[in-house]
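Participant: One letter stands for each residue in the lines below.
2 protein chains.
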Amino acid sequence: MDRSQVTGEPQIGEPATELDFAPPAQEDCACKEGMFPRASRRQFLRNGSLLTAAAAILPARAALAAEASSAASGALDPSWSVPGRLAKSDYGERAPFEKVMRLATIGGTSSLTPLQAGVGIITPSGLHFERHHNGIPAIDPRDHRLIIHGMVDRPMKYSVEDLKRFPSISRTIFIECSGNSNAASRSASQKTAQEAHGLTSTSEWTGVRLSTLMAQVGVKDGAAWVLAEGADGAMLSRSVPIDKIMDDAFVAYAQNGEAVRPENGYPMRLILPGWEGNINIKWLRRLKIGDKPFMTREETSKYSDLITLTGKARQFTWVMEAKSLITFPSGDMRLPGKGFYEISGLAWSGRAPIERVEITTDGGKSWNLASLQEPVLPKAHVRFRFPWTWDGSEAVIESRATDQTGYVQPTKSFLTRTEGVGPTYHYNGIQSWKISPDGSVTNVLNG
Amino acid sequence: MDRSQVTGEPQIGEPATELDFAPPAQEDCACKEGMFPRASRRQFLRNGSLLTAAAAILPARAALAAEASSAASGALDPSWSVPGRLAKSDYGERAPFEKVMRLATIGGTSSLTPLQAGVGIITPSGLHFERHHNGIPAIDPRDHRLIIHGMVDRPMKYSVEDLKRFPSISRTIFIECSGNSNAASRSASQKTAQEAHGLTSTSEWTGVRLSTLMAQVGVKDGAAWVLAEGADGAMLSRSVPIDKIMDDAFVAYAQNGEAVRPENGYPMRLILPGWEGNINIKWLRRLKIGDKPFMTREETSKYSDLITLTGKARQFTWVMEAKSLITFPSGDMRLPGKGFYEISGLAWSGRAPIERVEITTDGGKSWNLASLQEPVLPKAHVRFRFPWTWDGSEAVIESRATDQTGYVQPTKSFLTRTEGVGPTYHYNGIQSWKISPDGSVTNVLNG
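Just so you know, the sequences run in chain order F and Y. Each residue of the first sequence is one higher than the one before, counting from 575 in our numbering. Each residue of the second sequence is one higher than the one before, counting from 575 in our numbering.
Extracted from the complex, chain F is given alone in its bound form (with noise of 0.2 Å):
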């Protein structure tokens, strides 16, 4: 983080100048909520005529402060303010400027992250990815119920409020659909982060452990695997052996603070930390303790990993194993010339904490460290920094993810190797972007 990692002399932002300290134009401000058209202001800072339009304009209170900033720090000082507008508060927005987007996929059945976008490891709940197999429920809590029965002493419901009366867990977790990056283990076509790979997002969840329901209802001996089912349209459905359910598995009622997401499962969903995102059964309404699996469609004729090599399907294949992506730079992006970038990205397991990710920028010679964002949360998004000069020649960049059972993160080539062409569930390979000279960055196969 020290100047170092930035090479040269200032080469990013620009000399100010007294000129820098003029107001953006005012002349349209208030009737447009203090929003500045850029072609006017740049008229106006030719006109020059800054004193008199800014007094103009400026509130009384505006004004005082101006006077006793400018007394306090010298004339060369901006005298310009940005006149406010009192917004209804109630529950906030984003900036009307602001247009990053999930990316709906064909059919509407799920959209992704915008992941070259985003910062830090929480995803905000608005753009968290959804996958959905019969549309979104509109589901009023007040009737709805989590029922738990079979091999139980006593069948009980539960409703949203009976759910936030028992003792609660909060864990920030990545959910990743099984099938992201389906399409980049057969080519390189998608041209973004969020094309590639925006089928996983990261919250902080809370809700109630199910080891705690479990103790309520109380399992019968040689119960095994549970049934758990969504209130959705496609009520879908899959079987959970009960170590992971008496492990770390709990409803969510709560996605970063509030209320879960409807595409997210609201009012109540499953979380199990590290497992594909399909068994994280949204719209939870019955759990049904039993002795085998239940053999439902979502694990039979779906979600059950065809390995193109053998002809044969791998079934329960239920971890996420050790993954990374560079989101900055990443496809579709056009660096503005050579210089100081900080490559950064994201990666996560489902098996255990992440250890190290490595970084490649000259397309798997030579491998180096990055940093990993403090703290490194098991089971979540972890954010990763690596200071870059670019040279302005072509370049192959790529990330590396090791995680704390030493599994590391394989390339394409050995997948195929071992699996065959395109896993349709479960890719985990390392994926390149490339650097041309111009600066544009765009998805590329490496090996």
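In case anyone wonders, no lab produced these hints; they're calculated from the structure. Heads up, some of the hints might be wrong.
Stated by the list, open to error - In the SDA-like style, the derived pairs of lysine to any residue whose C-alpha atoms are separated by at most 20 Å in a straight line are:
hint, chain 1, residue 1, chain 2, residue 2
1, F, Lys738, Y, Met907
2, F, Lys738, F, Ala757
3, F, Lys731, Y, Gly913
4, Y, Lys673, F, Gly666
5, F, Lys673, Y, Ala887
6, F, Lys1008, Y, Arg739
7, F, Lys731, Y, Glu588
8, F, Lys1008, F, Ala757
9, Y, Lys738, F, Met907
10, F, Lys673, Y, Arg668
11, Y, Lys738, F, Ala669
12, F, Lys673, Y, Gly666
13, F, Lys738, Y, Arg739
14, Y, Lys731, Y, Met820
15, F, Lys912, Y, Met907
16, Y, Lys731, F, Glu588
Please read all numbers here as calculations on a predicted model, not as lab measurements.
Starting from the known structure of chain F, fit chain Y onto it as the hints suggest.
Facilitator: Just chain Y, lined up with the frame of chain F:
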């Protein structure tokens, strides 16, 4: 978190019976986006024609799923589901049933976070408290620049895009207005946690360290203070010692994974971790380096702490000392009856990490340790939890935070004895809530 914390046999939730597996009323769902009126549901349960009605409305895919599910798990299983809508999902919104809101203060110069509805540690960006001195400026980020000048070798200006080029950091940080809990220092007239203490919130902030920018501009010998100034109509400005600037200060352009929200300083905000909200200058447009404090209005006539006992004012009281608050149960709630409750709340300190939080449920006669949500982040809200079985009699509950310096959150009576009645800023006395035998929770003074 084990069952021993939940007293007695299942007393939360209801026993589940065959009837519970019936669908909610389906008659109106197609024309109401899948929402089920409660009255209609009850009526439906009365007439009991479950399978017929359900089969009539289930979409084809859901019917198949129902068949599969029914075959796998037996006749008692629910056969209903909630038809989905395909949402427009560019940027998600919360469920329409969720009505938790910020609360504007008189005059609209601030609005308060609904702490009593919060869980975990992240405050949703839409509910982060706000305080503005001349409204919220609508700034076009393309026109905005941060100017750094004064005692520097190279005066510079930076756009938002420039700032994003530098090495970045993300930190989860609380910001608390120094005027928070002002009224609570004088009386118990404010009903809720939000009304009494809602000017504090926590976000994951991302930006560039000021030490990085200061290395770029070259700070001259003798520099000791930095004037930080906002671009709002009030041109709010404060003086910051350069030691703090070089220690852990940063300029944030992002909050919870997306652009800083307009009411929190879009497009860039000064973050001084642990220091009073006012000095975390929003809409930051200028840093002027000097050799003495600039003595701005907001640190002379305002934001100095009048100690009523002596009639003197403290100046430059930046650090927010250790404080805590029970958010559940809290004022204006009503407990449904005796039994198990998880007492939960927030603790924070601007000086050092929280070491412990103690809870009393007998008005201060005895204290017990609460558990702290891991990881405990320095200068961030810390969620604490404490299992409690309410016996139905009157109880006064309080929390008391201690940070790693050994500082213990004081009682109101201690503050009154040492400082007088009603300090205007930096009030951090212990908050008491009384639970009456009818379950109602009220704000009370207790010593």
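Participant: None of the hints should be skipped; say for each whether it holds.
Facilitator: Now for the hints, and whether the structure bears them out:
1. Pair hint Lys738 of chain F plus Met907 of chain Y holds up; C-alpha atoms about 14 Å apart against a cutoff of 20 Å.
2. Distance check on the hinted pair: Lys738 of chain F and Ala757 of chain F sit about 40 Å apart at the alpha-carbon level, beyond 20 Å; violated.
3. Of the pairs offered as hints, the one joining Lys731 of chain F and Gly913 of chain Y holds, with about 18 Å between alpha carbons and a cut-off of 20 Å not exceeded.
4. For the hint pairing Lys673 of chain Y with Gly666 of chain F, the CA-to-CA distance comes to about 13 Å; that is within 20 Å, so the pair holds.
5. Distance hint between Lys673 of chain F and Ala887 of chain Y is unfulfilled; the C-alpha atoms sit about 46 Å from each other, more than 20 Å.
6. A hinted pair counts as satisfied when its Cα atoms are at most 20 Å apart, and Lys1008 of chain F with Arg739 of chain Y qualifies at roughly 19 Å.
7. Annotation: proposed proximity of Lys731 of chain F to Glu588 of chain Y holds, straight-line Cα distance about 5 Å (limit 20 Å).
8. For the hint pairing Lys1008 of chain F with Ala757 of chain F, the CA-to-CA distance comes to about 18 Å; that is within 20 Å, so the pair holds.
9. Between Lys738 of chain Y and Met907 of chain F the CA atoms are separated by roughly 14 Å; this keeps the pair inside 20 Å, and the hint holds.
10. Only pairs whose Cα atoms come within 20 Å are accepted, and Lys673 of chain F paired with Arg668 of chain Y is accepted, the gap being roughly 19 Å.
11. Distance hint between Lys738 of chain Y and Ala669 of chain F is fulfilled; the C-alpha atoms sit about 18 Å from each other, no more than 20 Å.
12. Pair hint Lys673 of chain F plus Gly666 of chain Y holds up; C-alpha atoms about 13 Å apart against a cutoff of 20 Å.
13. At roughly 43 Å between alpha-carbon atoms, Lys738 of chain F and Arg739 of chain Y are farther apart than 20 Å, so this suggested pair is violated.
14. At roughly 19 Å between alpha-carbon atoms, Lys731 of chain Y and Met820 of chain Y fall within 20 Å of each other, so this suggested pair holds.
15. A C-alpha spacing of about 59 Å is found between Lys912 of chain F and Met907 of chain Y, which places the hinted pair above 20 Å, so the restraint is violated.
16. Using a Cα cut-off of 20 Å, the hinted pair Lys731 of chain Y and Glu588 of chain F holds, with the two alpha carbons roughly 5 Å apart.
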